[in-house]
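Q: Below are the chains, spelled out letter by letter.
Protein chains: 2
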Amino acid sequence: MLRKSCVTIVALSYLWLDVPFFSTAAFAQQRHTAKAAAEVTVTNPMSSYSDIVSSLVKKGLTEQQAYKNLAELTGKIGGRLSGSPQAAKAVTWGKNLMEKLGFQNVRLQNVMVPHWVRGKVEKAWIVGRKGRKNIPLAICALGGSIATPKKGITAEVIEVHSLAEAKALGPEAKGKIIFFNRPMDPTLVSTFAAYGGAVDQRGGGASAAASVGGVGALIRSMTLVVDNVPHTGVMYYRDSIPKVPTAALSTVAANRLSDNLKRNPHLRVHFALDCKTLSDVKSANVIGELPGTEFPNEVIVMGGHLDSWDKGKGAHDDGVGVTQSIEALRLIKELGLKPKRTIRVVLFMNEENGSRGGEGYAAQLPANEKAVAAIESDAGGFDPRAFGVSADSSVFQKIASWASLLEPTDICSIRRGGGGEDISYLKDKGAALIGLVPSNQRYFDYHHSDKDVLANVNSRELELGAIAMASLAYFISEEGL
Amino acid sequence: MLRKSCVTIVALSYLWLDVPFFSTAAFAQQRHTAKAAAEVTVTNPMSSYSDIVSSLVKKGLTEQQAYKNLAELTGKIGGRLSGSPQAAKAVTWGKNLMEKLGFQNVRLQNVMVPHWVRGKVEKAWIVGRKGRKNIPLAICALGGSIATPKKGITAEVIEVHSLAEAKALGPEAKGKIIFFNRPMDPTLVSTFAAYGGAVDQRGGGASAAASVGGVGALIRSMTLVVDNVPHTGVMYYRDSIPKVPTAALSTVAANRLSDNLKRNPHLRVHFALDCKTLSDVKSANVIGELPGTEFPNEVIVMGGHLDSWDKGKGAHDDGVGVTQSIEALRLIKELGLKPKRTIRVVLFMNEENGSRGGEGYAAQLPANEKAVAAIESDAGGFDPRAFGVSADSSVFQKIASWASLLEPTDICSIRRGGGGEDISYLKDKGAALIGLVPSNQRYFDYHHSDKDVLANVNSRELELGAIAMASLAYFISEEGL
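These protein sequences, in sequence, are chains A and B. The first sequence begins at 1 in the numbering used here and counts up one residue at a time. The second sequence begins at 1 in the numbering used here and counts up one residue at a time.
For reference, chain A alone in the conformation it holds in the complex (with noise of 0.2 Å):
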């Protein structure tokens, strides 16, 4: 039930258009409505909420404040890899930013990160047979590499298609790079299941080469383009095994190097980098709330990672999140709602080599503190579609009641499973975890490589994820869960 207090919302009456003679196919297509602005004072809770969302709405679509928010973080700062200047500037922007809104309790949540540094020198190439010239392939080394020695790898190769195949090459492996060359499945339409379903060779492909003695691994860019822009990623060494160098391949490199193979399997490929991992930053997630009138240790959590990948300036992934979060907070306040229960953003450091703010956030909760639900945007600022619900299912019935409520906001339906990274850590604490689920085809075009900048968010796609998320983190403040 809303609050009777007063509340005064611009309520929208529906007019239908009418174009007459002049209407285009496109128009004809959806005969659409006009809303007019008129005051109203709350009364019917629901009736409430369907104005509330019109509200969020029009203010979101008007002011365009996410958008403008991210041209900064994203034009100003740019990318920001754990432990790196960029990643310090972006905290102190974010506190700075929701100070400026008015956020309450405006704190950093001190977390050590890793430190890990691309360095200068990424370069590779199949190496030229008796004079000809080198051919080049377009790298960028995996976050959590080893350098290559000084003087680069030089060194035979062996394509694979998966972790097992690598792991099942005899001694003919020794002393050679492995390539692992399994695309993403392009007959899935969930781009993320594509993606899981290869990105195993990302993670685990250096331990997997070296467990049989290769020396070096080049791994197919997780996307589902065909161009010459490598995508980063992190990998993780196995403790037990050597430690190898690896970088990612773009996809013309990759088929340009399969393709070679077949007709030399002998040739050499060049490869060299200079990352390394340097010792622990001190670094912080950022929080901000609106403190709840009725219930203030029940929390509703909205958030994203301020950390990012160094390729590109880290825009879908996930200043997205942080400036959906942000904005979304400052409807709620900008509105004049008083929301029952405390939301909260949190700017959480580090998801994408560590996960240190997560877990850092998880674990720092008050033992007073009851995390009611969590909702994180980390899929790309595209055009909503959904919220994706991991909870117990009177929670995610109780959800999916609101589903016609959200459709304003191109939110078309409620469903099972979801949540993110950062807010995974709280699944313990008994909150309800929920994905903004946004359009995902394009997702993996841009996603931690150069491409991954302003130029390629469209703005009103961005607003919406953040309306969806102001609609839905008041209903949950307004009816607990």
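One should not assume that every hint holds.
Since the list gives no way to pick out one identical chain from another, each pair is judged satisfied if it fits inside one copy or across any two copies.
In silico DSS-like links for lysine-lysine, alpha-carbon gap of 30 Å or less [said to hold, decoys possible]:
#	residue 1	residue 2
1	Lys59	Lys262
2	Lys398	Lys429
3	Lys451	Lys68
4	Lys451	Lys76
Hint data in this document are derived by calculation from the structure and do not stem from the laboratory.
Given the structure of chain A, go ahead and fit chain B onto it with the hints provided.
A: Then chain B, alone, in the frame of chain A:
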């Protein structure tokens, strides 16, 4: 009910993916299913439909043939304004492609179309004061406009925000250029609604201006973005009112003109156009089909329009609808499906400035043919979200009952209302009118402008629309309406 004649298709079993220690937020957010192919023989019709959809998805996303065809149409032919040589080439291209794909009864259906030609002169500026430089304004002629006199028009400007405001102008309008500057409403989530709420200025601005003695009309481009690219589109003259020339201003130019008018209400604008309307030209709809095995006279149409504006390459509007319709029928054919009812592709000519193709198709329908349904794609090649259905309640309910079967094609709802300009003429023939509804946030960024090019189409989003259309057309062919 599905025919029981042994249709062998690919069925999909679902396997949970698990990516242990290197899951990323993106992946952790959504657990998904991977699909392994296995051969089965269809028995239960509902699971058969589900299997057929899976096969359509798999084949469509693997082969991406709609995108290849769109690349050819936009790359080799480009913009295809009715009556132009490019439109004629597109007719031949469409017919040749359908024949090559083995569609049956491939034919042209002649229609006469208007022949407006843009010409080479499109320029405008604010006349500089007292020896200062002129201030440039980016414009393009609106389709159907007459030319200015050869030396152009130079006149003072009155800014208005509606046709009514223009028509209410007094004698001060005489000899002036009337500047229509009401923007599309950014607060409407549906950009088509925002378009519908502003486009009367483009269609009727010239006649409204002339009705009060104005000598020309400049119209703010129909787009939600602020950039320097003008958007064309059709306009109409009212018979009883003198014709005056009219052009679209880019949104940057419109803002610039409005700002300058605030400082100097007596500024003068110069603009010149040399567009003209020639005699009507013989052109054609392009038609091909798979005849129904049981009810060949009952027809389901899938279509888009082959003509486009001459700005850009007519990619989203409506190369997308053309190539999706062709691809949808190709997928059905190549999977070996034998539809009970005829499924027909119609590439309509002249949707943009006359609708002669849509009108002609309906007018020439044979008396013994039953128009069961028509599905049009003319809202851009973005991620599909819904089908919009205009039909009586029982037919709507029948189509809506297939919603869950369509989910794997990324369709999340069946909505009331929808169709398309070309197929609207089939309403009187009793056909259910159905529009593919993709995400619409980006559509008017490109619409009718130099930005409507292949680079702004995502191949997977395009293919999913074709797959959704194929699925729905096949259900209708088997189940009737």
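Q: Name the hints, by number, that the structure is in violation of.
A: Per hint list: zero violations.
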